[in-house]
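The listed protein sequences derive, respectively, from chains A and B.
Going by numbering that gives the first Met the number 0, the first sequence wraps up at 166, each residue one higher than the last.
Going by numbering that gives the first Met the number 0, the second sequence wraps up at 166, each residue one higher than the last.
For the record, the hints were derived by calculation from the structure and aren't laboratory data.
One or more of the hints may lead you astray.
Identical copies go unnamed one by one, so any copy, or any two together, can satisfy a pair.
What the hints assert, rightly or not - Only pairs whose alpha carbons sit at most 25 angstroms apart, straight line, appear in this in silico BS3-like list of lysine-lysine: (1) Lys72 with Lys2; (2) Lys2 with Lys85; (3) Lys26 with Lys70; (4) Lys30 with Lys72; (5) Lys2 with Lys33; (6) Lys85 with Lys72; (7) Lys46 with Lys85; (8) Lys85 with Lys63; (9) Lys30 with Lys63.
Residue-level listing of the chains:
2 protein chains.
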Amino acid sequence: MSKIETLHDLLIQELKDLYSAETQLVKALPKMAKAATDERLKEAFQKHLAQTQEQVSRLEQIAKSLEFSPKGKKCVAMEGLIEEGKETISEDAADSVKDAALILAAQKIEHYEIAGYGTLREFADLLGYDEVRSLLEATLEEEHATDEELTEIASSINIEAEQGVDE
Amino acid sequence: MSKIETLHDLLIQELKDLYSAETQLVKALPKMAKAATDERLKEAFQKHLAQTQEQVSRLEQIAKSLEFSPKGKKCVAMEGLIEEGKETISEDAADSVKDAALILAAQKIEHYEIAGYGTLREFADLLGYDEVRSLLEATLEEEHATDEELTEIASSINIEAEQGVDE
Numbered sequence: 000m001s002k003i004e005t006l007h008d009l010l011i012q013e014l015k016d017l018y019s020a021e022t023q024l025v026k027a028l029p030k031m032a033k034a035a036t037d038e039r040l041k042e043a044f045q046k047h048l049a050q051t052q053e054q055v056s057r058l059e060q061i062a063k064s065l066e067f068s069p070k071g072k073k074c075v076a077m078e079g080l081i082e083e084g085k086e087t088i089s090e091d092a093a094d095s096v097k098d099a100a101l102i103l104a105a106q107k108i109e110h111y112e113i114a115g116y117g118t119l120r121e122f123a124d125l126l127g128y129d130e131v132r133s134l135l136e137a138t139l140e141e142e143h144a145t146d147e148e149l150t151e152i153a154s155s156i157n158i159e160a161e162q163g164v165d166e
Numbered sequence: 000m001s002k003i004e005t006l007h008d009l010l011i012q013e014l015k016d017l018y019s020a021e022t023q024l025v026k027a028l029p030k031m032a033k034a035a036t037d038e039r040l041k042e043a044f045q046k047h048l049a050q051t052q053e054q055v056s057r058l059e060q061i062a063k064s065l066e067f068s069p070k071g072k073k074c075v076a077m078e079g080l081i082e083e084g085k086e087t088i089s090e091d092a093a094d095s096v097k098d099a100a101l102i103l104a105a106q107k108i109e110h111y112e113i114a115g116y117g118t119l120r121e122f123a124d125l126l127g128y129d130e131v132r133s134l135l136e137a138t139l140e141e142e143h144a145t146d147e148e149l150t151e152i153a154s155s156i157n158i159e160a161e162q163g164v165d166e
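Just chain A, same shape as in the assembly (with noise of 0.2 angstroms):
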């Protein structure tokens, strides 16, 4: 792996790793999307889906006007964290509680994408590369607006997994 000396090292290294937790996330959404039950929940994974399939070319575009290759990195946090999403749930449980692990999972992944776009976005204003700035915001809107949808369609799942209602 090449040695980071500079900001712009950084955002490079850390771009390399966002890709690599989008085009793992592009593999796990069509997954989460047929385990969820909840038909609101199955059509945000769906649209999640084509989001960061658009977050992936972001994320391509950047890598072109930076002159590097966003490959070649494989992003362990979102290995774990897609690998959690994975664990297992009884086919007794509810199909609400299916549905709540589900976002559970989702929302943290979500919160890890946040982060790292919300940097990044600050690495690159500081850099002056406006255009990358710009395509970071794109998709830094778009993971914050699917953590709200998450936690809108959680409020109902839950109180159906608490009274242990199956839909």
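Following the hints, complete the assembly by docking chain B onto the known chain A.
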């Protein structure tokens, strides 16, 4: 691993996950404090270590109250997050760049915990576990405050990192 059937089960599983996360963090924070060069950052990590030890105690108190053992689950997501924090920073890097990388790693960790505690507080609320709710709320507030403090410290460190200033 025991199967998850109810919201109570999901709460217990996730409390174990956070217990593993916090105990891993208790080991990682002294290394992060040692690696930091900015004095405010060093102090922030030391302060957060003391808080994290208190947060571990709160989780033990919750475990006692809900009658389960908090041990025995490994939080693979936190493992990945800490692993990332260790990634290679060149010895030639300006101190401010190293500090910027440490802050980024720490904020990803904070966001993981914020997502976890935020959701579990809602679960505890729905389940009528008032004491558990209060304990989770206290930790959640500390995590938010730490995240804000890191953002504040980052605002000056990132400028130094961009200018290649060695503190």
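Here is how each hint holds up against the structure:
{"no.": "1", "hint": "Lys72 with Lys2", "verdict": "within (13 angstroms within a copy, 34 angstroms between copies)"}
{"no.": "2", "hint": "Lys2 with Lys85", "verdict": "between (34 angstroms within a copy, 13 angstroms between copies)"}
{"no.": "3", "hint": "Lys26 with Lys70", "verdict": "within (16 angstroms within a copy, 31 angstroms between copies)"}
{"no.": "4", "hint": "Lys30 with Lys72", "verdict": "both (23 angstroms within a copy, 24 angstroms between copies)"}
{"no.": "5", "hint": "Lys2 with Lys33", "verdict": "between (41 angstroms within a copy, 20 angstroms between copies)"}
{"no.": "6", "hint": "Lys85 with Lys72", "verdict": "both (22 angstroms within a copy, 14 angstroms between copies)"}
{"no.": "7", "hint": "Lys46 with Lys85", "verdict": "within (20 angstroms within a copy, 34 angstroms between copies)"}
{"no.": "8", "hint": "Lys85 with Lys63", "verdict": "neither (34 angstroms within a copy, 28 angstroms between copies)"}
{"no.": "9", "hint": "Lys30 with Lys63", "verdict": "neither (30 angstroms within a copy, 36 angstroms between copies)"}
The earlier numbered hints that this structure contradicts are 8, 9.
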